[in-house]
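Colleague: Read in this note's numbering, the sequence shown has 94 at position 61, and its numbers run on one by one without any break.
These aren't lab readings, by the way, just hints derived from the structure by calculation.
Nothing here was measured: the structure is a model prediction, and the numbers come from that model.
Ideal Cβ placement from N, Cα and C applies to all residues, glycine included.
Wrong hints could be hidden among the right ones.
As the list claims (entries may be wrong) - In the BS3-like style, the derived pairs of lysine-lysine whose C-alpha atoms are separated by at most 27 Å in a straight line are:
#	residue 1	residue 2
1	K71	K43
2	K102	K74
3	K74	K49
4	K54	K44
5	K66	K49
6	K66	K54
7	K43	K74
8	K43	K54
9	K66	K102
10	K102	K54
11	K49	K71
12	K71	K54
Stated by the list, open to error - Ranges between beta-carbon positions, derived for each pair:
#	residue 1	residue 2	range
13	L115	I91	23 to 29 Å
14	E81	D120	18 to 24 Å
15	S96	T45	30 to 36 Å
16	A105	E81	35 to 41 Å
17	N79	H107	28 to 34 Å
18	Q109	N79	20 to 26 Å
19	T45	E106	25 to 31 Å
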Amino acid sequence: MVFIVSALYKKTENFKLDYYKDHHMPLAMERFKSFGLKSYKISELNSEVSQGYAVHTIMEWDSEEGMMKGFAEHGQEMRDDLDNFSDVEPVGLQPSTSLE
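Kindly produce the complete structure, drawing on both the sequences and the hints.
Modeller: Below you can see the structure in the form of structure tokens.
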């Protein structure tokens, strides 16, 4: 079963989408692939109709356990990289139950 994690970023003038797409998320894939990150998708949102959110990323993992291990090992590096593209923390969403 696939484990899904979403990250939502509020609209801000300081969000560098190119850096996020071209560096941050490829770095995440590089660091987390061995822990079960299968894929990710980045969507630019219309912040006028999405309650001020501008970017939505969906990450598909093999398991919650793999995701937790990956973030235990590389989470600080990923948090440190946040300063390179945003001045706001993302809102993370994880399902409590899969309805598949």
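Colleague: So if I understand the rule, the pair passes when the alpha-carbon distance is 27 Å or less; does K54 with K44 pass?
Modeller: Measuring from Cα to Cα gives roughly 16 Å; hence the hint holds.
Colleague: Is the straight-line distance between the alpha-carbon of K102 and that of K74 27 Å or less?
Modeller: holds, 21 Å
Colleague: Would you mind confirming whether the straight-line C-alpha gap from K43 to K74 stays at or under 27 Å?
Modeller: Roughly 17 Å between the alpha carbons, so the hint for K43 and K74 holds.
Colleague: Would the hint linking K71 and K54 be met if the CA-CA limit is 27 Å?
Modeller: holds, 16 Å
Colleague: Take the C-alpha atoms of K74 and K49, compute the straight-line distance between them, and say whether it is at most 27 Å.
Modeller: holds, 17 Å
Colleague: Honestly, do E81 and D120 meet the 18 to 24 Å range at C-beta?
Modeller: Hint holds: Cβ distance 21 Å, inside 18 to 24 Å.
Colleague: Keeping to a limit of 27 Å between CA atoms, is the pair of K66 and K102 held or broken?
Modeller: holds, 11 Å
Colleague: Can you let me know if the beta-carbon spacing of L115 and I91 is within 23 to 29 Å?
Modeller: violated, 18 Å
Colleague: Range first: 35 to 41 Å. Now tell me if the beta carbons of A105 and E81 are that far apart.
Modeller: holds, 38 Å
Colleague: Evaluate the given range 30 to 36 Å for the C-beta pair formed by S96 and T45.
Modeller: holds, 32 Å
Colleague: Using the C-beta atoms of Q109 and N79, is the stated range 20 to 26 Å upheld?
Modeller: violated, 33 Å
Colleague: I want to verify a distance hint. Is the separation of the beta carbons of T45 and E106 within 25 to 31 Å?
Modeller: At roughly 29 Å between Cβ atoms, E106 and T45 fall inside 25 to 31 Å, so the hint holds.
In summary, the structure is inconsistent with hints 13 and 18 from the numbered list given earlier, while agreeing with the others.
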